[in-house]
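Student: Combine both chains into one complex, guided by the hints.
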Amino acid sequence: MRLGVVETRVMDLDESLKYYTEVVGLQVTGREGNRAYLKGWDEEDHHSVVLVESDRPGLNHMAFKVRFEEDLNRFEKAVAQYGIPVRRVTKGTRLAEGEAIEFTLPTGHSMQLYQDIEKVGNGLKLNPDPWPDNLKGMAPPNLDHLLLTGDDIKSVTEFMTRVLDFHISEQVVSVDGEQLIGTFLFRTNSPHDIAFIKGPDAKLHHFAFHLENWQDVLRAADLLTKNDITLDMGPTRHGITRGTTVYFFDPSGNRNEVFTGGYMPGADFTPITWTEDQLGKAIFYLERQLNDRFTTVLT
Amino acid sequence: MPYQAQVRETGKVIDLRDGESLLDAATRQGVTAIHRGCRGGGCGVCKVRVLSGAYALGKCSVAVLPPDERGVGFVLSCKTFASTDLVVSTEAESQDR
Ligand code: FES
Ligand SMILES: [Fe+2]
Chain A
12 MRLGVVETRV MDLDESLKYY TEVVGLQVTG REGNRAYLKG WDEEDHHSVV LVESDRPGLN
72 HMAFKVRFEE DLNRFEKAVA QYGIPVRRVT KGTRLAEGEA IEFTLPTGHS MQLYQDIEKV
132 GNGLKLNPDP WPDNLKGMAP PNLDHLLLTG DDIKSVTEFM TRVLDFHISE QVVSVDGEQL
192 IGTFLFRTNS PHDIAFIKGP DAKLHHFAFH LENWQDVLRA ADLLTKNDIT LDMGPTRHGI
252 TRGTTVYFFD PSGNRNEVFT GGYMPGADFT PITWTEDQLG KAIFYLERQL NDRFTTVLT
Chain B
54 MPYQAQVRET GKVIDLRDGE SLLDAATRQG VTAIHRGCRG GGCGVCKVRV LSGAYALGKC
114 SVAVLPPDER GVGFVLSCKT FASTDLVVST EAESQDR
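Those protein sequences? They're chains A and B, same order as listed.
The opening position of the first sequence corresponds to residue 12 in this note's numbering, with each subsequent residue numbered one higher.
The opening position of the second sequence corresponds to residue 54 in this note's numbering, with each subsequent residue numbered one higher.
Since the hints were derived computationally from the structure, they do not count as laboratory data.
Warning: the hint list may mix true and false statements.
Stated by the list, open to error - Calculated cross-link-like contacts (lysine-lysine; reagent style DSBU-like; alpha-carbon spacing at most 35 Å):
#, chain 1, residue 1, chain 2, residue 2
1, A, Lys102, A, Lys214
2, B, Lys112, A, Lys214
3, A, Lys136, A, Lys292
4, A, Lys237, A, Lys29
5, A, Lys147, B, Lys65
6, A, Lys237, B, Lys112
7, A, Lys88, A, Lys209
8, B, Lys65, A, Lys76
9, A, Lys165, A, Lys102
10, A, Lys130, A, Lys237
11, B, Lys112, A, Lys102
12, A, Lys76, A, Lys136
13, A, Lys88, A, Lys147
14, B, Lys112, A, Lys209
15, A, Lys165, A, Lys136
16, A, Lys147, A, Lys214
17, A, Lys165, A, Lys147
18, A, Lys88, A, Lys29
19, A, Lys165, A, Lys29
20, A, Lys209, A, Lys136
21, B, Lys112, A, Lys136
22, A, Lys29, A, Lys102
23, A, Lys237, B, Lys65
24, A, Lys237, A, Lys214
Next up, chain B with everything else stripped away, as it sits in the complex (with noise of 0.2 Å):
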């Protein structure tokens, strides 16, 4: 089933078809505030923060998305797979974006 992504600092609503990252869903739809990179996990500038909802991870750097920011809710987007709803961030403070 699809589900959205709101981004909380716009407000702007992301619709992520079934097995679509929330990257590609976010360049598909003209969403420029989640920036594409390398779309591998590997560079980190597609980071954001996942306020509210669940979802699955696929493989990221350790290099760029450390366990501890992983655990309070840092995404590399471009390997982030939606199983509910989500309210992102993409202004959230990281150590390295």
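Same shape as in the complex, but just chain A (with noise of 0.2 Å):
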């Protein structure tokens, strides 16, 4: 399976929808009442991304893709033997998804597995270019990645490496070696598909695009100053999964981030530890130290 679609709250949808389109570079496939649906360039199916517009921002739920139907009913068994309550999400609740399963993680945030999804397509199959005409902004090819918070980090790399089958790529503990404070887990070939840091449950600490290389990360980052986008951190590299980056915040408050790089995992991957004392190196390889904004400010 690999990460589908997030769905996001935001406080205004069409000061939103600007950010996401022109600064970032999405691009608008639907809307409907009060949700709004986009994509990255590259990617076929009919959104990534979902605006939900609310009182507060923050994630409503994110979706892996599986790659058969009947992988759903199988997963479906699997979450609900491991002791977790599953729902069929109905084809049709939002726009071009089929049926789903939905069910809440150990660390209270909303995750749906689903395969049907009307595909639209990236126009780039048949003899094609290396990209298309008309991108905006930052226009990252497709989205990347999750970082959540969470109480139980144990219990919820437990279920989603014993029932969904992601895989461990590094893994923060503390000095002494007892208490998981953050797993970086994949599913496919990337260094993180999700990641689980120890905080409050159910925030979210930020969801993230692909770039490129860095030279796309930097130009991003120009496009922030540019657009008076808010910058949290960056551009910089990562000690975990050896990445760069650039953070920023959309105008609800959304952290964002731009990635690109870091190292290609298979199953057999042995991971990789850092010990808390080392986070400031771990997160911000550079700068060798947080901020209290990036552990604090979540939605």
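Tutor: Quick look at the structure:
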């Protein structure tokens, strides 16, 4: 399975759409009621980001796309057997989406699995050019990963690895090795598709889009200043994943990231361990220290 | 017309430019008693209490600025635009900051 959709609450849909299309550079593929649907230019499915107007920001749910329709039945059983209640989301609940299963993680986040979604294509399948015309803003080809906070990192990691078959790329532990503070998990060949770090339950730390290279990250950071978008941190390098990054906020205060680089783990990858006293270097390899904002600003 | 905001705890006076949020003015003048977070009304770290003065408030998350707090003068300073001089408190008790 791979990360397919994040559904995020925003406080002003029009203002957010302007930001997500003109500064980030996603493409709008639909709008219905208080929801807008967007995708990156290289994504083939109808959407990867859903914005929902609300009185507060934060994550409604994230959805991973499974390979085959019958995988839904298999995971439905496995999740229920693990003791987590599962419900079916009927086709048509959201634009272009078919049936899905939904359950709540031990950290309080709502997660969905689906296979059926309308394909709109990327227009680059026959004798294609490397990128399409009319790209805007940072123009990420696709959604990359997300980081969530929760109290019980051990339980959520156990569930994700045992039941959903995620693998651990990196983990942060207390100096005595007794406590798990964060885990970075993958199901594709990316250094993280989803990550969890200790903090309040059911909160979003950030979701990230992919860029091709470091130069694009720098250019994305230029666009933040040009458009008076609030910078959080970077551009810099992560110790964890070895990727390069810049963090910033959407108009409702949801943290976004553009990310590139990092290694390509396989299922047999030996996890990397960081001790909590080295967390500064783990997160921001160049600065070697965290700041309060990065650890306390959540939506 | 530009106004001023005084921080009760330190006596520090912040000049507010036309159309400038309380947080942006504080950041520009190096006033760190008001913390800068998301600048989007979403995280609550910039929360202060207005003790006197009038202001307009932009969209603020009800999760970090619930109506009861809003009713007694708590604001998210990144979404606070003064329409008179203000006196603010950076240490007023709030459930969530
Ligand atoms: S800085 Fe986040 S709510 Fe004001
Ligand atoms: Fe990230």
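Student: Hint numbers the structure violates, sorted upward?
Tutor: The structure breaks hints 3, 5, 8, 13, 15, 17, 18, 19, 20, 21; every other hint is satisfied.
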